[in-house]
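Protein chains in written order, with our numbering: chain A, 1 to 977; chain B, 1 to 404.
The reader is advised that the hints may include incorrect statements.
Below, computed lysine-lysine pairings styled on PhoX-like, alpha-carbon distance capped at 25 Å [said to hold, decoys possible]:
#1 Lys-760/A x Lys-296/B
#2 Lys-938/A x Lys-282/A
#3 Lys-873/A x Lys-273/B
#4 Lys-296/B x Lys-279/B
#5 Lys-363/A x Lys-461/A
#6 Lys-93/B x Lys-843/A
I should point out that these hints are in silico values taken from the structure, not numbers from a laboratory.
For clarity, every value in this text was computed on a predicted model and none was experimentally measured.
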Amino acid sequence: MKRLILPLLLILILPTLIMGQTFRVMGKVTDARGEQLIGANVFIKALNAGAATDVEGKYLFEVPRNQATGQTVALTVSFVGYKSKSVNITLTGNSISQDFVLEEDIFQSETVVVTGIASKTSKAVAEVAVARVAAADLQQVNAYGGLSQMIGGKVAGVQLTTASGNVGSGWRFWVRGGGGLNGDGQPTIYVDGVRMDNSEVVGYAAGGQGTSLLTNLNANDIDKIEFLKGPAAASMYGVNGSNGVVLITTKAGKLSAGLSQAMSIDYRFNYGYNEKIYTYSKDQFLSADDANRQFRVGPIREHFLSAAGGNPTLRYYTSFESRDETGIMPMSSQTRNSVRLNLTAFPTEGLSIKVSSNYVNNKINRPSNDNIIYGFIGNTIFRAVSFGWVKEPDLLTIQDGATINQFIGSASVTYRPIKDLEIYGGIGVDNSDYYQQRYFPPGRNFGGLIQRGQKSVFDRKNKQFTYDFNASYSYNLFDMIDVRSTVGSQIFDRTWRTTFYQGEQFNSDLITNMGAAGTITGYGEGFLNEKQAGIYTEHSLSYLNQYFLTLGLRKDYASAIGEDAPSITYPKASFAVRLDKYDFLPEFVNLLKLRVAYGESGFLPGSQDAIPLLWRAETGGYGAGAVLSAIGNAAIQPERIKEVELGFDTELFNNVSLEFTYYIQNASNSIVGMVNAPSTGKTITNQPYNVGKLENSGFETLLQYSPFNSIDYSLNLSLIWNYQKNKVTDMGIAPPQYFGFNSVQTIQNGLPKAQYYVQKVTGPRYTSAGLYDHTNGPLKTASTERYDFGSPIPDNTGSFSVNFKFLKNFTLYAFAEWALNFKIYNYTQAFAARFGNVPEYNKYIWILGLAELAPGVAPTSLPKLTPNTAEYKKAAEEFALLDWRNFAGWIEDGDYLILREVSLSYDFTDLLRELDFTTYLKGLYAGISVRNVARTTKYSGADVEFNSTGGRGNARAMDFGTLQNPRTVNFWVRLGI
Amino acid sequence: MKKIKYLLLVLPLLFFISACEDYITDVNPLIDVVQDNLLTSESQTEFVVRGVQQRFSVVASQIACQMDLLSDQMGYTSDIASASFPTFEEIDKGAIVLNNATTTTTYRQLGELRFFADDLVKRAGQITFTNTALQTLALYNGNLYAGIARFYLATAFGLNQNQPGGTIDAGPFIPAATMLDQAIEKYNAALNATTDAYSRRVVNSLIAKAYFAKGQYAQAATFAANGMASGDANFNALNNDVSNIYYWGFAGAGRVQIHVADRFNGYITADSKETARIKISSVKGTSGRTYYWQTKYPDKGSAFVMMTWRENNLMRAELILRGNATGDALALVNAVRAASSLNNLTTVDLNALMVERDKEMFCQGTRLIDQNRGAIPWHLAATTWRYMPIPQTERDANPNLKGL
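Put together the whole structure using the sequences plus the hints.
Given below as C-alpha cells:
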C-alpha cells in the first residue's frame, strides 16, 4: 500500500509544482433560483483543467499561462440533477471570470444512462426503457442497510422480495414477467464492470434461508443503479441478459474545490434499531406469547467515512464502513467492515484509466428457523406447548456464523487513439470466501440426533473474472446520418470450490476444533470451473438527432463438459423518434419520444446438462461407491427469449414526466427440468429438456410530477405502476411439475409459473358412527383433478414516493409500495393447527367430538354437537375446509400496502454559513429514517414477502416458520469536512 | 483512413470468433463426478458394486421401518414431544396421501436401488473380465440387489389400498405376484453367479422369503431347506456414522418419532429374558402416557438386519406346521429361542409361531408382510392402505399409470 501512496501523492501535487506562472479561471454556479450549487464540476476539457465549486458555489482554478495562446475553448459545468452547460472562452493569459446559472434536470432526461453493453445515452434519446436509481441522492435523505433496500420498489417493472428477516438474508428479483423457464430468474449483476456472484449461499442449512453475497455491498458507496430489464435492452449481454442486467456504479472521485484542492471528507454516523413489525395473536396461536417473547430490539450502529477529491489528472474516492447490526431474533447479527478505493486517471489526452477496488469482511450470524426443529419460530408456533423439540436455553447455545471475505476489483482503460475511435478494455474480479461454522455444544440437549455436540464447517471459495473488450468507431454516412459501430467481446471465467465436514461427540466444550470431534459424520468437496464467451457487434444510427436506430448481433459460447460447446446467436433492433422535434405538437410538450425495441436472449444449458448420467462417490458402511449425481440430456439446446418493447417518454409543462412501456416476451426451447418417474431410478436431479414455451407480457409506468420548486419549498411526486402476467404455453413431453410444501405449486401448460394448483375439498368424510373422519380427512377431488388457486406473484405492483422540501432546509421523504392479486401459502398456521395450536381448529375438533386429537387444548366449555344432526353436519362442512389437508384452505390473499420508508432530514449548511463555520465544516445534515413503517394486508401471517424455501428455487410465497422482515429505525448525522 | 477503421473493427471480431470455442472448452476437469461410460470397466467394478450396496443400506432400513410403522408393530403420535412428521401419522393410520413426502422419497430411492443393481448387471455383461472374482462380485451383487429391490416393490408398495406391486422404469404396473417372480428370477441369477456356500444360503433364504410373501409355501420349502443355517452371520445392510440407519434417526436414539407397540413391553414383562432380542426403552408423552421405542439399533451406524438363520428356521417351522415340509417345527423354534438364551417352548402352533416371528423379527420389516399374507389379522379399517402408495410423482411421470 505504501508503494502506492507516494506515486499517487506525486500525481496529485505535480500539476501545482510545474505550473509556475498561471492565470485564474473563476466564477460562481447557481441554479435558476439563485441558490449556490456546491460540488459542481467546472472544467476546460481541452486543457485537462478544472475544479469543483465550494460551499459558496464558487469555483477557482489556475491554468499555466504558457497554455494560453489566444485560442477559444469550452468551459463546461456539470452537476448531478442539472443540465450541463458550456460557454466558449478565449484564453489570452488573463484571468477569466465566468458565472453559470444551471437549469434543473428535474426528470433526469439529460442524464446519461446505460442503454446497452457498450452504449450510453440520455433518456431523451434512448431507444429502450431506461431505469435508474439515483442511489447517491437517496442517501441524502435516508439510511439504507444494503443494496436490496435501495432497489425494492424503486424501478418500474422490477420487484424485489427478501426471503426472510434474518440479517443478510437472501433475496429475489422478479423482473417484468420473470424471464424464461430456465435458471433462477435472476438478473446478472455488475458492479463497476465486475460480474458479481449473486448466489444465495446456504451451507449447512438454517431452515430454508441462505445468505446473499450481495449483502456485502456497502450501500453508502453506491452512486447509481441502472437496469436493462429484458432482452430488448440487454440482448447484447447475450446469455447473461435474459433476466435483465443490473449495473451498479460506485462513487468516483471528483474535482476538489479551490486552489488548495483539499479533499472532501464525508462522515456519516448512523444509530438505529430493528424491531418486529408483526405480533402473533393468541386468536391465531395458543402459544403466541412464547413466540412474541423471542423477539427483541436489535441495535444498529454504523460509521461511514469517505474522502474524495482530485484534479483533472487524477481523481480518487475512498471509503471505510463499519456496520454492526443485530436482528430481531437471538443469534441474528452482522458485523461488516468495508474499505474501498476508486481511482480515475486521465494521464494523457484521450486516455482514461479507472480502478475500482473493494474489500469486505462480513460476519453474519443467523438463527435457525423455517423447516427445522432447531428454530425459534418452529419451537414456539408449531405446537401448543413451546420448546417441545428443543428447550429454550439449549436453543440459545446454537451458534451459526459465517465469515465472508470478499474482494471486488476492476480496472479499465478507455483510449481514443484517433478522434472517432474509442477502445475499451476492462478486467474485473470477484473473489470471495464464505466460511461457515455451525456448532451445537456438548452437554446440551438437542434431541438424540445430535449427540455430545456437533460441529459443521462449510467453506465456499468463489473466484470469477470478467473480461470486457470493445471498440467503437463513430462516422457519418451520406453526410447526414451519424453512426457509431461497436464490436466487442465479453468473457466470464468462474471457479467455484466447496469443502464441508461435520463432526460429533465432543467430550469437552472447551475445545471446539474439528480435531476434538469423536467421530466424523459427514464430509465432501465440490468443484466447478465454467467459462462463457460472447462476441457482439452493434451499430447505432442517428438522423437529425431525431430518429435513432440500433442494430446488433451477439454470439455466445459456454463451456460444456463432455460435449461440444453450445453456442447461440441473438439479434436486436431498436428505434426511437423524437416527436417533440416536429412543429405540430403544442409548446407544453417538452419531450415526446416513441420507441420500439426487439431483442433476443436466453439461458444456455448448464455445463454438465448435456451429459446423460454423472456418478459421484457416496460413502457408508460399504466404503465409497458410485451413486448417481446428475441426469442430463445429450440433445439439450440453448433457450431463446424474444422480447418486443414499445413505449413512450414524455415531459409536459416542465413539471410532469410520464414513461410508459409495454412489453411482450416469448420464451421457446426453454429448458424444463423434467422429473423422471421414480421407477426409472434416474431422479437424483431433474432431467433437462427443451420443451418449455412461455409468454410474458405487461406494462410499466413511471409518472413524476413536480408541482412547485422554489428555494424554500419543492415537491416531487413519483408513481410507479406495473402490471405483469405470464403463462406457460407448452410443456412438450414434460409432465406438470409440482413443488413447494405439499406440492401446491406447479409449472404446467396454461398456467402462470408457480401457480397454486391443488385439489378441492368436496365435503367432509364421515365414519360409520357419523363422526367427522379425521383419520382419512375430507373428501377431495381426484389427484389428477386440480384447480387454480391463484399466483404467488402479484400481477399489479407499484410504489408512490413523495419528496417534500420545506422551510428550505427540511426534507420529508416517504415511499410506499403495494402489490395486488397474489397468494401466500400459510403453512405455518396449517401445521400449527394440526398440532393443536390454533384455537379455531381446536374448537371444531372439540364440538365435532374429536377431542382426543387436541389433548389439553380443546375448549371443553363449548357444547359438543351430536353426530348425524344438521348442526353437526354444518360444522363438519366448515371444518372440512379448515382441515389441514385442504391445502387450498390455507392459501390466503397476500395483497399489501407498505409504507416502506419515511424520513425527515434537516440541512444545517445555511446555519454553518451564518455562523461562519464553513471553514471547519462544509456541511451538516441530520435525519431520522424509518423502514417498514406500517403495513396493511389481507394476509393473516407474519410477513407478505418472505419465502421459507429461500430466494431461489421454484417455490415462492411459502410461509413456514420464517422470520418476518423487521421495522428499522435509523437516526443519522452526516458531516461534510 | 476508412479502410483502417473497418480493419480495426473487423480484426478483433475475427480473432474472437476463432478463439471463443477453444477458450471456453479449456476448463479444469471435475473432481467430484464421473461420466457414465467411464464406469464400465473392470477397474471400476468394485466401486460400482459398493454404490449398489450403499443404496441398499440407505433403502433397506428406511423401507423396513416404514413397513413396521404401517403394520401393527410400530406407531406414531404427536404426544411424543420429538415427533413432528405428519407423514408418519398418515402411514401409521394407513391414511396415506399419494404425495406423502416420506413414502415418495422411499419409492424414489428404491427406484434408484433397482436401477443401480440392474445397471451393474448390464455393465458386467459389457466388460471383458480378466479377474473372474470381480465378475462374480458384480453378477452376484447386481442380481442379489435387483432381487431385493423387486421384493420391496412387491411387498411395501401398492397401486391401491389392497393392490400391492410396483413399477419399473416407468413401465406398466406390475402386480406383487409378478414382481416377486421377477425377484426370484434375479435371486436365481445371483445363485448361479456364486459358488460361495454362505452367499448361496442367504439367497436361498431370500427366495423362500419371497415365496412366503406370495403365499406359495410349497415352493418355499426347498429354498428354506437350503437357506441360512444356525451359526450363519446375519445378512445385514451396513451403515456407519456418515450414512445412518433409519431406525436410529426416526424411531430410536436419534429421535423418537415412531414408537413400538406396547405389547413388546408386555413380552418383556411376561419373560424378562426377552430383552435379549426385544430391546426397547421408554419415553413419557406430553399427556404423561408411556411409550416404548426400539434400541435394537442403538447407534447411527448400527447394521440393519435383513435376513437371519433364525428367520429361516421360523420359515421352515411354519412350512412344517402348514404341511408344506417335514421335520420338527418345535425344535427349529427352540433353536431360535436358545440363541437368545430363552427357555424352550413345549408346543408350537401357527399362532405361537407368529408370536415368535413378532419377537424375533422385531424391527426388521417383516410384520407387514405377515399381515398382508394373512398370517396376522389386519389391524386397521378395511379401507386403509395395506401398502405404501405408489406416489403421485410416479403417477404423474409414468404414462402407463394414467387413469389408474
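Hint-by-hint comparison with the structure:
{"no.": "1", "hint": "Lys-760/A x Lys-296/B", "verdict": "43 Å, violated"}
{"no.": "2", "hint": "Lys-938/A x Lys-282/A", "verdict": "18 Å, holds"}
{"no.": "3", "hint": "Lys-873/A x Lys-273/B", "verdict": "53 Å, violated"}
{"no.": "4", "hint": "Lys-296/B x Lys-279/B", "verdict": "5 Å, holds"}
{"no.": "5", "hint": "Lys-363/A x Lys-461/A", "verdict": "16 Å, holds"}
{"no.": "6", "hint": "Lys-93/B x Lys-843/A", "verdict": "23 Å, holds"}
The structure shown violates the earlier hints numbered 1 and 3.
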